[in-house]
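Engineer: Here are the chains, one letter per residue:
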Amino acid sequence: MAIEITRPGKTSLIVATPVMPAAGSLGFADEYRNLIDYANLGAVVTNPATIEPWQPAAGARIVPLDAGLLVHTGLPNPGLRALLRQYRRAWRKLPIPVVLHLLGTTPDQAKRAVELLDTVDEVAAVELGLADEIDVAEATALVRAAATIEKPLLVRLPFYECAELALPVADAGADALVMTAAPRGTARDAQGGRLVSGRIYGPLIKPLVLRILGRLRRELPAELPIIGCGGIHSPTDARDYIEAGAAAVQVDTATWAQPKMLERIARDLGGWIATRHADALLDEWHPDMRRGDSQQRRGKG
Amino acid sequence: MPRTVAPFPKPTIMKGGMRETQAIVERIKRVNRGYQRLELAVDRSLSSLLPGQALLVRRISKDYEAENWHPYLRELWFPVDILASNMLVLEQPAREQFLPGQLLSILGPIGKPLRFRQKLRNLLLIAYETPPTPLLLMLPPLLAQGTSITLVAMGAARDYDCAHLPEEVEIIQANDDHSWQDMVMTVGWADQAFVLVGAGLELTRFAEVMRLIRARRQDVPANTIFGFFQRQLPCGVGACQACMLPIRGAAKLQCLDGPAFDLTQLRLA
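Protein chains in written order, with our numbering: chain A, 1 to 301; chain B, 302 to 570.
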């Protein structure tokens with residue numbers, strides 16, 4: 001099964017199953033190798049990388065919430081060049097495409113980063129993460145700079161600005177949109193007693209993103225794939241995203257609580273997408289099946 | 302945003318391999334007024350756990366599909382004893398309700414085993430504002446090899462009733478100002494020490510304990526006093542990087558390189 005999850009073209013990103021981890025959930029390479037069979041996933045999206053090294057945040061990084069959590073790590077990473085030195089070999093060994101998540105800071109940095117990444121065979125595509133509260137002009141400038149890359153460019157939109165940015169970013173050269181980054185929130189850290197701001201994860205995010213995604217799917221060009229991300233904790237959640245118009249999904253922190261869930265979702269969604277076009281049951285589907293074959297067979301039976 | 306640039310940790314290769322397994326609560330025993338011990342039947346791969354290594358635990362129902370997402374994070378549990386090839390003992394607050402037959406999903410082992418000196422004669426354990434539970438797995442093997450062990454309870458750790466611990470362990474309740482009788486001797490004679498603090502404000506608490514120790518012991522060589530972390534770990538495999546710590550020379554991850562770090566190397570608050 002080949003699923004194209006970026007705009008059609010000579011460098012589009014094709015995956016075997018439309019399920020991948022969200023940036024920041026599975027590490028930079030194969031940290032989950034003892035718990036997850038990467039071959040069952042569509043692609044791996046790395047933790048966020050920046051041109052310069054970033055250090056971890058001070059203070060509380062995790063605040064448990066009811067059925068969720070707030071995360072504020074500061075996105076530590078050793079900088080793009082060091083990252084490539086450390087992980088290229090591991091990426092080469094992965095059986096699936098590697099999508100490097102690049103944090104957009106300035107157009108100049110984005111351009112420098114994609115020039116470097118164009119020379120790295122192990123990276124199949126780049127996902128550009130836009131900062132929260134970015135305005136349209138800044139976002140389009142960043143995307144234009146990053147779109148000079150020859151590889152497919154996915155752009156992850158911030159939660160609150162998603163609707164406003166989607167069309168301008170698509171016009172600026174995004175090959176696919178990831179909707180959305182986890183929303184930012186603030187919660188009290190029970191241990192330290194202070195209010196902490198960070199990204200919010202949990203099942204409750206799904207209905208919020210699903211609504212934005214469904215609306216934008218109708219407004220955006222049909223050839224522009226949308227990758228749904230947020231609150232996916234079960235195969236049913238992932239199916240909901242596909243039904244709302246997503247071409248693929250990204251699973252975030254559910255993997256931390258249940259590492260095997262990512263694979264389960266990938267198996268379920270891969271099978272469902274493969275078979276639904278032929279209107280077939282999972283166990284009767286075969287690659288050459290056409291729509292109607294299944295009903296004919298059942299009719300004969 | 303500008304950040305201070307420091308060397309970044311090299312990726313750590315996990316040997317032995319973490320696994321996701323299931324365990325079942327076999328027996329529950331109350332050991333003191335505040336704590337109960339759970340005997341868990343676990344996968345045999347976990348019977349080789351060593352002091353310092355932990356498990357990330359999630360309570361699950363028999364119907365794994367009916368998932369309850371509260372609490373969302375797995376709990377970090379440190380075993381206190383290993384009874385047989387597939388039986389681990391864990392200590393939990395008595396207010397937590399468990400019943401025999403309760404199923405648990407376990408990720409582990411997490412972290413690196415503690416490294417003890419080859420000829421360890423006097424070991425000092427300090428629990429500050431937290432029960433000493435994560436330190437207990439080391440007691441039986443070290444006592445068996447003749448190590449003399451002193452456990453000092455400071456702050457809220459004094460609320461923990463130590464009556465069920467091996468009688469060979471010397472228990473000291475620190476005063477309100479964190480001093481105790483014969484402190485100079487206890488600190489000075491220790492060949493090695495592990496300081497356990499509660500999650501949150503660890504660097505501040507380790508700094509306080511280090512000040513106490515340095516005031517009573519001129520020479521604190523490297524690899525003598527270790528800080529023991531028990532932060533909540535979202536992933537346990539080094540993916541989320543929420544447990545990254547500021548160590549001199551490089552940042553390290555509690556889940557892969559910890560839980561114990563040389564306090565002379567840690568950038569304390």
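Wrong hints could be hidden among the right ones.
Claimed, not checked - Quick look at which bits of chain B chain A covers, simulated, 3 or more residues with Cβ under 8 Å: (1) 318-327; (2) 372-378; (3) 425-431; (4) 471-478.
Hints in this document: simulated from the structure, not taken from any laboratory. Since this is a predicted model, take the numbers as computed values, not measurements. Backbone N, C-alpha and C define an ideal beta-carbon position, used for all residues, glycine too.
Engineer: Indicate, hint by hint, whether the structure satisfies it.
Structural biologist: So, going through the hints one by one against the coordinates:
1. Residue count for the stretch 318-327 of chain B with a Cβ under 8 Å from a Cβ of chain A: 4. That meets the three needed, and the coverage hint holds.
2. Interface restraint, the stretch 372-378 of chain B with chain A: holds (4 residues with C-beta to C-beta distance below 8 Å; minimum three).
3. Given as covered by chain A, the stretch 425-431 of chain B fails the check, having 0 residues with a CB less than 8 Å from a CB of that chain where 3 are the minimum.
4. Residue count for the stretch 471-478 of chain B with a Cβ under 8 Å from a Cβ of chain A: 0. That is fewer than the three needed, and the coverage hint is violated.
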